[in-house]
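Novice: The residues making up each chain are set out below.
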Amino acid sequence: MAGRSPWYLAYRRLRRNRVALGFGVLFALIVAFVLAAPLWANGVADTGPNATHTLERVEVDGESREVVNREGKPVGPLWFGAGGKFFLGADGRLGRDEMVRLMYGGRTSLFVGVVASLITVLLATVLGLLAGYRRGWVDTLISRALDVVWAFPVTLLAIALGLALATGGLQIGPLHLSGDSIWVPILIIGVVYTPYVARPVRGEVLALREREFVEAAVAQGAGSIRVMVRELLPNLASTLIVFFAISVANSMLLESLLSFLGVGVQPPNTSWGTMIAGGFELITSSPQLTVVPGVLLLLTVLAVNVFADGLRDALDPRAKLRLEAHAGAPEPEGHAV
Amino acid sequence: MARFAVRRLLGMAAVLFAVSVLVFVIFNVVPNADPARQLAGRSANPQLVASITDEWGFDEPLPRQYLTMMGNIFSGKVVSYETRENVDERIVEGIPETFSLCIGAAVIWLFFGILFGYLSAVRAGGWLDRALTVVAVTGISIPVFWLAAILLNYLTYKLELLPSGGYVPLSENPLEWARHLILPWVTLAVVYVGFYSRVLRSSMLDAMDEDYVRTARAKGLSERRVMTRHVLRNSLVPIVTLFGLDFGALLGGVIVVEGIFNINGIGQYAYESLLNLDLPPIMAITLFGAFFIVLFNSLVDIAYAYLDPRVRLGESAS
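Keeping their order, the protein sequence lines are chains A and B.
Using the numbering used here, you'd call the opening residue of the first sequence number 299 and step up by one each time.
Using the numbering used here, you'd call the opening residue of the second sequence number 862 and step up by one each time.
Just so you know, the hints here were simulated from the structure itself, not pulled from any lab data.
Every residue, glycine too, gets a C-beta built ideally from N, C-alpha and C.
Be aware that a few hints might be false.
To be verified - Take a look, some chain A residues computed to stay more than 12 Å from chain B by CB distance: (1) Pro304; (2) Gly346; (3) Glu354; (4) Arg355; (5) Arg391; (6) Leu420; (7) Arg442; (8) Pro451; (9) Leu468; (10) Arg509; (11) Ala547; (12) Phe578; (13) Asp607.
To be verified - These stretches of chain B come out as covered by chain A in the derived footprint (C-beta under 8 Å, 3 or more residues): (14) 874-884; (15) 962-976.
As the list claims (entries may be wrong) - Derived coverage of chain B by chain A (criterion: at least 3 residues anywhere in the stretch with Cβ under 8 Å from a Cβ of chain A; other residues may be distant): (16) 908-919; (17) 925-932; (18) 994-1007; (19) 1100-1114.
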C-alpha cells in the first residue's frame, strides 16, 4: 500500500465501518429533511414557521375542526388528513404548524451547532498553536486564560452570558448584535467550549514541535508563522476534524439547553430547544410537542457522535487519542491549574 | 510536596479571583441591571433610588465596589439586591438538597459506568458489548432536560409511580428522601454513565495488551482475577481523573435538574438569581461552584500520584 496518502487510507477504513456509515447516512437524511423546510412550508403546509392560526378551522377528511379548541388544546397530528397541513398538529395556543416549525427549528439547531463548533475549533487552533509553539509568556497567558474559563461550571457561564447578552446585545467595534440575534448563542457556545479543545491541541503541539520535521523547517529558515501554518497545522488536521464533529454534537446539546431555559435562541427564531420548552408547558395534554423535537435532536446528536467515533477510528487506528470531549479529555501531563 | 501544595493553593486563589472579576464585569456591563432600582422595588421614585445609590455605594468606582462585595461574601454579610435576604445563609440552606442530588447521582453513575464498561470490555465484540455500546452512546447524546421532562410525564403524571419532585430531608424519612430523588438522580447520571463506560471500555482494551497482563495469566491466575485485579484496576486512572473534573463541575447540570424537579437547592437559587440579574448571589454561587472545580482539579492530581507512582507531583504542575 505504498504511495497511498493517509487521507485515502482513512477513507478506506471509514468505508468499512458499516455502523458509522449508517449513522452518517442518518445525519445526511436529517440535514436533507431540514433543508426541505421551504418546500414543505410552501408546497404542502402552505404556512410559515411563525404564522399563527389560532381562530382558524381546518378541513379533516371533510369534517371541519378547530386548530385550537376552546380549552386552548391544539389539534393533534393530522398526518395527511388535511392534505399535509398540520401534519404533526398545531404547537399550542398560537396554532402554528408543528411540522413546519420542526423543519425550520432543525435548521437553526444544526446551524448553531455547526457554526459554534467552527468558532470553537478555530479559536482553539489559534490559541493551542500559539501556546504550544511559542511557549514562554504567551503560553502562560493563554493557558491561564483557558483555566479561568475551565473553572466555570460551563452551563452557569453560558446561562450568565446568555442572559447578559440577551438583554443588552453585544457591541464589538462597528459590529452590533441585537439581543435576539442567532449569533449571540453561537458566540457563547463557541467560546465556552474552546478550552476543552484548546488544551489537548496545545498538548499535541508541544509534542510535535520537538519532532525532526519542525527542526528541519526551522533550520531552513522558516519563521514561526510558517512553521505553525505549514508544518504543524497539517499534522493537527485529523485531531481537529474529530474534535469538530464531537463539538457539533455538544454544541447542539448546549444550544437546546440554553434555549430551553430561555437564554439561547430567541423568537422569532425557532430551534428544537425552544420547541421542547414550549411543548413542556403542555406535556400532559399534548406530549407529542415535547417528544417529537426531542427525539429528532437525540437522533441528530447520536448520528453525529457515532459518526465522529468512526471518524476517529479511521483517522487514528491506534485510537490513542481520548477525545471524548464533553468533560474534557484527561491530559497525560496532569491538570495544572 | 510542601512547595507543590503552596503553588497549587496560590494557583487556585488566582483562578478564583479571575473568575469573580469576570462575573462582576459581565454583570456590570448589562444595561438593564441597575442595582439601586432593584433594591428600591417596584414603587421606586428618583429620590429613593438616589439615596440607595449613595448608601450602597453604587456610584463608587467599580474596583472599590468589587472589593466591597468580595469582602461581604467572605464575611457572610452579602445580601441579595432582589429580596434582601442573606446570600451565604441561603446557599448553606441549599447544601443538603444539592449535595444529596450530586452525591446520589455520582454513586449511580460510577456504579453503572464501571459495571457497563467492565462488561463491555470483557465481552468485547459480543452482543452484550454492542447492546451496552448503544446504551452508552444514547446516554451521551440525550438532552438531559428533555429526558427529565419525558420521565416526569410518563412515570409521574401518567403512571403515578413517583413523586413529581420536591425534597424530603434524609433525617426525616430516608425512604421518601430516595423516592423523591430517584428521578433527578437518574436524569443527572445518564450522560456520565454513557461516557464513563465508553472511557473505561477503551482503557481496559488497551490494558489487556500490556505485558503485566500476560505475566498475570502466565502465573496461572483465573481470568476473573486477571480482569479485576490487573486490567480493571489499572484502567481506573482515567475514570478517577474524569470523576474529579465532572463531580467538581456538577453545579452546572444541577441548575436544570433542580429547576425541572422543583428541588429548592443551590442550582434553583442560581437560576432564580440569574433571571433577576441579581449580582450578589450570582457572584457567590459562581465562586462556590468554581471553588469545587479547582479543588477537584487539584485532588485529581494528588490521586494521580497515588495511582501511578511514575507521576511526580512537583513536575506535573509545570
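Novice: Regarding the assertion that Leu468(A) does not contact chain B, is the least Cβ-Cβ distance greater than 12 Å?
Specialist: violated, 10 Å
Novice: Holds or violated: is the Cβ of Leu420(A) farther than 12 Å from all Cβ atoms of chain B?
Specialist: The claim holds: Leu420(A) sits with its nearest Cβ about 22 Å from chain B, beyond 12 Å.
Novice: If we take the beta carbon of Asp607(A), is the closest beta carbon in chain B still more than 12 Å away?
Specialist: violated, 8 Å
Novice: Would the least Cβ to Cβ distance between Gly346(A) and chain B come out above 12 Å?
Specialist: Non-interface label stands for Gly346(A): nearest chain B Cβ at 25 Å, farther than 12 Å.
Novice: Under a C-beta cut-off of less than 8 Å, do 3 or more residues of the segment 908-919 of chain B approach chain A closely enough to confirm the stated coverage?
Specialist: violated (count 0)
Novice: At a Cβ distance under 8 Å, does chain A reach at least three residues of the segment 962-976 of chain B?
Specialist: violated (count 0)
Novice: Does the claim that Pro451(A) lies off the interface hold, with its Cβ farther than 12 Å from every Cβ of chain B?
Specialist: The claim is violated: Pro451(A) sits with its nearest Cβ about 3 Å from chain B, within 12 Å.
Novice: Just checking, Phe578(A) versus chain B, shortest CB gap more than 12 Å?
Specialist: violated, 5 Å
Novice: Just want to verify: Arg509(A) was marked as not at the interface with chain B; is every Cβ pair farther apart than 12 Å?
Specialist: Non-interface label stands for Arg509(A): nearest chain B Cβ at 20 Å, farther than 12 Å.
Novice: Could you let me know if the closest chain B CB is still more than 12 Å away from the CB of Ala547(A)?
Specialist: Contrary to the label, Ala547(A) does not stay out of reach of chain B, its closest Cβ about 7 Å off (not over 12 Å).
Novice: Count the residues of the segment 874-884 of chain B whose CB lies closer than 8 Å to any CB of chain A, then report whether that count reaches three.
Specialist: holds (count 7)
Novice: Test coverage of the segment 994-1007 of chain B by chain A using CB-CB distances below 8 Å; three residues minimum.
Specialist: n = 9 at 8 Å, threshold three: holds.
Of the numbered hints listed earlier, those contradicted by the structure are 7, 8, 9, 11, 12, 13, 15, 16, 17.
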